[in-house]
Amino acid sequence: MKFFRSSSKPTAAAAVPQKRTRRSSGMAEISRLLNSNSGDGLCVLDLGSTSANNIRFFTDKGHKNYSEDLLRSSLDPALRIQDSEGNWVVDSKTFISENLVYENAQFDVVLCWNLPDYMEESLVKPTIDRLWSVMKPGGLLLAFFHTRDAGPDSMCYRYHVTGTDVLEMQEVKFALPGRPASDKQSPRLQRVFNNRHIENLFRDFASIKFFLARDAIREVLVVR
Amino acid sequence: MDAPQTGEFAHIGKSVVIKGELSGSEDLYVDGSVEGKIELRNHSLTVGPNGNVKADVTAKAVVIQGKLDGTVNASDRVELRKSAVVTGDVTTQRIAIEEGAFLKGKVDIQKEAGKSGSASS
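These protein sequence lines are chains C and Z, in that order.
The first sequence begins at 1 in our numbering and counts up one residue at a time.
The second sequence begins at 1 in our numbering and counts up one residue at a time.
In case anyone wonders, no lab produced these hints; they're calculated from the structure.
On a predicted model such as this, the values are computed, not experimentally measured, just so you know.
Everything hinted at is true.
Derived coverage of chain C by chain Z (criterion: at least 3 residues anywhere in the stretch with Cβ under 8 Å from a Cβ of chain Z; other residues may be distant):
| no. | segment |
| --- | --- |
| 1 | 51 to 60 |
| 2 | 68 to 80 |
Under the rule of at most 30 Å between Cα atoms (straight-line distance), these lysine-lysine pairs were calculated in the DSSO-like manner:
| no. | chain 1 | residue 1 | chain 2 | residue 2 |
| --- | --- | --- | --- | --- |
| 3 | Z | 106 | Z | 14 |
| 4 | C | 64 | Z | 82 |
| 5 | Z | 106 | C | 184 |
| 6 | C | 64 | Z | 67 |
Think of the CB as a built atom: it goes at the ideal place given N, C-alpha and C, for glycine as much as any other residue.
Could you put together the complete structure from these sequences and hints?
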């Protein structure tokens with residue numbers, strides 16, 4: 001299993017992370033929920049790379065923001081163990097015991113972004129199951145999935161909320177374990193989920209809504 | 001941020017390990033290990049790139065380049081530099097986060113009277 005895209009010599013263009021923007025129908029629905037709340041504020045869990053934009057967006061509206069960069073945590077070399085046949089696998093039990101440690105029914109909104117597409121397969125289902133536990137009934141979860149048109153070298157993005165339905169996308173690169181901090185690579189797309197896979201993944205949730213876009217990304221808004 | 005001049009800051013070097021409670025009335029630069037509690041109130045704490053702090057921190061400003069595990073309560077601002085790895089809740093008026101910084105925890109932006117809190121990349 002390859003976790004990172006093929007190495008290539010860095011070029012001047014590659015040295016500067018690319019930024020793009022996209023309109024997000026799923027984010028628009030979440031913004032509607034955030035704007036309609038006039039009480040103590042909602043609890044938002046952002047599972048993407050830490051973004052000051054997102055913190056500002058949610059806290060300015062009076063909501064509570066929790067950050068947890070789950071993809072980066074899942075790449076921790078300490079999670080690699082050998083199974084009974086000597087194959088290197090990710091220790092999903094340890095991962096779940098060390099991450100997403102919150103009270104049950106704590107969050108109104110969870111932003112998964114493109115986490116399931118880039119996370120090691122054995123971690124995806126336990127992660128979604130844990131998210132079900134920590135979300136309030138009626139809470140919203142937003143996730144992005146690549147469509148079949150996306151290639152294995154599809155970029156992994158960090159999402160910054162810059163408006164009600166506008167996201168700025170910045171390529172994510174991580175330093176590889178044991179390599180110089182300057183030697184960073186993008187995570188590799190691990191798989192492409194079809195609609196049936198996605199429905200199975202969220203089968204314990206109350207409802208699921210798909211938004212198709214032109215950029216080979218399928219937005220999924222799930223209600224707990 | 002480079003390491004500050006030692007004359008301007010109390011400086012804990014990278015080979016120093018401290019366990020217990022640290023308090024003071026001057027700015028502090030930690031490039032070693034501190035485990036316990038750090039209370040600086042009206043002064044700033046900088047955790048250098050080699051710094052490894054396992055402590056609840058109260059200060060005016062907190063700048064993190066290394067590792068910090070604990071709650072951060074900064075009356076003015078928090079800066080997470082690109083090499084920062086922070087696990088714990090952060091309460092402050094302003095926060096700046098460089099690309100590459102890692103934060104696992106709750107961020108609570110306290111609004112100064114008459115002003116709104118802010119966060120910047």
